[in-house]
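S.K.: If you want the building blocks of each chain, they are given just below.
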Amino acid sequence: MTESYKQVGLSEDEYNLILKQLGREPNELELNLYGVMWSEHCGYKNSKLLLKMLPVKGERVLQGPGENAGALDIGDGDAVTMKVESHNHPSALSPYQGAATGVGGIVRDILAVGAYPVANLNSLYFGKLEKAHQRYLLAEVVKGIADYGNCLGIPTVAGEVHFDDAYEGNCLVNAMCVGLTRSEDLKTAFAKGPGNSVMVVGNLTGRDGMGGASFASQELTKESEENRSAVQVGDPFVEKLLIDACMEIFQNENVIGVQDMGAAGIISSTSETASKAETGIEIDIDLVPKRESGMLPYEVMISESQERMLLIVKEGKENEVNKIFHKWDLHAVKIGNVTDDGMIRVLNNGIKVGEVPAKSLTNPPLYKKDIIKPEYLNDIELLNYEDLPEPDNYNKVILIMLDNHNIASKEWIYRQYDHMVQLNTVVTPGSDAAVLRIKGKNKAIALTLDGNGRYVYLNPEKGSEIVIAEACRNLVASGAKPIGVTDCLNFGSPEKPDIYYQLYYSIKGLANACNKFNTPVVSGNVSLYNDTEYGSIYPTPTVGVLGLIEDLNHITDIKFKNADDCIYLIGNFSTEIGGSEYLHEIHKFVKGKLPELNLDIELNTQNAILEIIRNGLVKSCHDVSDGGIAVNLAESAVTGNFGIDVSINSNIRKDIVLFGEHQSMFVISAEKKNENKIVGILKKFQTKMSYLGTVTDEKIFKISVNGNEIINLDLAQISENYKNSISKMF
Amino acid sequence: MKFGVIIFPASNCAEDCYYVLSSLLNQNTKYFWHKSSEAIDTDVVILPGGFSFGDYLRCGAIARFSPVMERVIEFAGKGGLVIGICNGFQILTESGLLPGTLMKNTCLKFICSPQYLKVENNYSVFSKKYNSGDVINCPIAHNEGNYFADENTINKLEKNNQILFRYCDENGNVNDSTNPNGSVNNIAGIINIKGNVLGLMPHPERSSEKILLCDDGIKLFKSIIEFYN
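Chains A and B, in that order, are what the protein sequence lines are. In terms of the working numbering, the first sequence has 124 at position 124, counting the first letter as 1, and numbering is strictly consecutive. One gets the working numbering by counting positions in the second sequence from 1 and adding 730 to each.
Read the hints as simulated data drawn from the structure, not as lab findings. Backbone N, C-alpha and C fix where the C-beta goes; we use that ideal spot for every residue, glycine too. It is possible that some hints are incorrect.
Derived DSS-like pairs: lysine-lysine, alpha-carbon spacing no greater than 25 Å straight-line [to be verified]:
1. B:Lys940 / A:Lys443
2. A:Lys314 / A:Lys192
3. B:Lys940 / A:Lys441
Simulated DEER-style distance windows between Cβ atoms [unchecked claim]:
4. B:Lys886 / A:Asn724: 38 to 46 Å
5. A:Asn553 / B:Tyr786: 41 to 49 Å
6. B:Asn851 / A:Asn712: 43 to 51 Å
Let the sequences and hints guide you as you build the complete structure.
M.R.: In structure tokens form, the structure reads like this:
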């Protein structure tokens with residue numbers, strides 16, 4: 001027995017704790033249950049204490065972390081639910097199925113809170129596309145997301161894709177889903193009422209995804225390849241039926257509790273629902289509809305077969321539930337009952353094969369480690385500007401920057417996603433944020449999913465503040481007030497002191513920013529152990545932020561709209577370019593100080609922009625981010641199909657002005673006649689703007705700095721580099 | 731006027747069609763379930779887009795065996811108006827209500843994008859509100875939209891003015907560079923010889939409101955309503 005605890009991923013101390021809690025040795029089944037439930041993926045044992053730093057409460061929060069998904073009040077009794085989750089390890093091994101089932105899992109989380117899924121987003125990180133394997137990964141992951149999400153009829157509306165060597169051995173695939181419901185219809189995952197029935201609905205249970213949660217909580221090694229049975233196989237058609245059947249069943253008062261069967265399948269869904277309701281559950285695995293014969297009890301318990309949900313149903317009402325699932329050609333089978341003894345009891349054809357306290361499974365030991373500053377951080381901020389020769393040809397530099405896969409248009413990717421189904425997508429992919437109207441109401445929601453591993457690597461706390469600030473900026477530029485966050489923390493092994501430090505300070509940074517912007521974190525997921533033989537990934541928290549637009553007239557996008565409109569810059573230049581795409585692409589450095597971010601100035605600027613937009617004074621709005629002002633202007637010009645004639649004055653180095661990723665900065669276009677009104681509003685917020693130039697009919701992209709024209713290119717050339725950079729790799 | 735929208739399992743655009751007809755056009759609209767064998771008692775029936783039966787085997791190949799399809803064929807035979815959008819078009823070709831077939835896009839990828847179409851003529855009940863030669867924007871979202879039929883069939887379609895919509899650019903140019911999926915002669919939508927059955931890959935319901943792209947597509951539904959009255 002002493003050896004077998006290692007096989008299920010437990011430590012000796014953890015095993016001893018189990019002995020103490022049970023008062024006896026666990027049998028093989030029970031040990032396997034602990035193995036998956038006490039994994040980082042299910043139990044958050046290394047991260048839970050740190051996550052307490054995050055603000056989770058707020059006047060709009062209807063449901064916070066701990067449920068299948070968070071929920072926010074968007075007024076008029078409407079609730080938006082959301083959650084982001086990682087599927088990194090399965091995607092690294094089997095990119096198509098890994099990504100597809102990542103979508104499936106997160107959609108069921110939304111479904112489990114009683115909401116109809118209205119949007120999918122995703123955040124993807126790979127190694128560089130110049131390498132064939134990375135192209136394979138991107139193509140397969142995108143196809144997996146597309147085939148699964150498209151079939152479900154849920155639009156995939158936004159996301160981000162990054163390419164960096166840091167993710168070469170361990171890609172990141174984070175999937176986010178957003179749902180809509182009425183506040184009073186939100187469902188919770190409680191197994192209430194002893195005697196009530198426990199039903200499994202949806203797909204059959206097979207041997208796929210065996211111990212996926214434990215697998216996700218270990219480093220990826222060469223041997224991981226042999227672990228393919230830990231990767232689940234998806235069937236989007238069954239998931240679509242499950243969605244439709246569940247939406248119908250939720251009208252029915254006989255359903256008391258709902259839980260998605262994701263990581264650790266039946267055991268996690270039963271122990272979590274029982275533990276929350278202070279009850280127990282007894283099930284007979286013989287009753288579970290199976291795909292194959294001869295499955296061992298522990299295999300049935302921890303299988304991560306997809307497209308299944310657990311329902312807690314009023315005693316005697318099983319047939320009514322079954323009738324609805326039958327209509328959709330799905331199973332709904334009673335596998336046991338809620339009990340009052342707090343135990344998870346597993347029977348096999350009536351004979352008891354295992355019994356453990358539900359609370360013991362759901363309360364793994366929590367670890368807190370010392371915070372030790374990594375050595376790499378000692379000199380990483382040192383950057384000698386003399387090592388950075390100033391470019392002599394800015395035309396060349398901007399074309400290289402637009403051709404950079406991190407900056408270039410992601411159209412090749414989002415064209416493969418149905419982003420229009422459900423008829424709500426007002427602002428489609430390719431702008432700062434996606435905007436979805438709420439049918440029948442004069443309001444809309446804006447969504448973004450964003451991260452910046454390089455920034456967080458250079459400065460975990462400040463970098464993470466910037467990640468939230470930048471995501472909120474995307475929403476504000478779309479006319480939305482940010483109201484809540486869901487986060488996915490992708491890090492290396494927390495057992496390494498350097499990584500634990502990154503994790504601690506990153507969460508602290510996220511907390512600082514979320515507190516400042518009043519955007520509580522309502523849900524999330526932690527993906528640790530993203531390490532390979534090449535080392536750990538950059539610490540990469542990705543944040544999904546929800547924004548509310550209270551009048552459809554306030555919806556704004558990045559496109560320049562009319563010739564002769566004036567272009568203005570709002571915000572101040574930073575002299576720091578550490579972590580920027582420019583420094584990395586042109587000078588090949590990953591170091592330096594991050595551009596300064598002052599959270600008060602940021603919030604002030606965001607509020608000023610919102611007020612300008614709400615007064616109907618702008619035609620377009622776009623925040624400055626990757627690639628700086630030059631890229632910002634190019635994106636608005638290319639997507640709007642207009643030229644520009646712009647001139648910038650500053651005593652800072654030209655390349656830093658143009659390509660520095662200055663924080664709290666926006667570019668707007670507006671009619672000249674509105675200039676005074678805009679200035680008036682900015683004054684109220686102690687914010688200034690400067691006139692840059694005009695949008696032109698002539699399809700030429702012109703930028704002068706301090707009176708010297710240093711960029712003059714045909715829009716067609718700019719457009720070619722920006723639009724075709726990724727597609728030409730395939 | 732009464733409209734029906736058929737729901738096959740995973741017909742994920744059924745609600746979108748229902749919304750446009752009932753909420754935007756105030757038409758009396760109802761759903762038909764794929765297992766139903768009740769007669770179609772509406773004036774028009776729509777086979778919506780989506781992934782009926784997961785598109786397993788071949789798009790539309792399983793849906794054509796649904797009990798409701800016998801009723802749709804009967805309804806079409808009596809002159810009832812039938813529209814198949816995207817997956818609905820695929821089901822119509824599978825069930826023989828329209829000629830030809832829809833193969834995988836030549837790029838072998840799903841394409842979701844705004845798309846310009848040229849309205850070939852306005853003789854049809856489905857295109858009366860357009861002018862011949864109009865260029866409209868009507869998004870596409872499909873994996874298998876590459877229309878193919880043998881030469882003889884294509885010639886007949888051309889001769890009988892059965893080709894209602896072709897893929898083009900914003901200036902109405904119809905050629906290989908404006909063909910998103912490889913369809914023969916840039917065919918995006920066709921009608922049967924009697925003129926009461928329309929199949930098209932683009933989604934008119936997705937361009938039925940100014941707030942979403944544009945409202946070029948709604949004229950297709952308005953054409954029917956106006957003709958009927």
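S.K.: Looking back at the numbered hints, which does the structure fail to meet, lowest number first?
M.R.: Of the numbered hints given earlier, the structure breaks none, since each of them holds.
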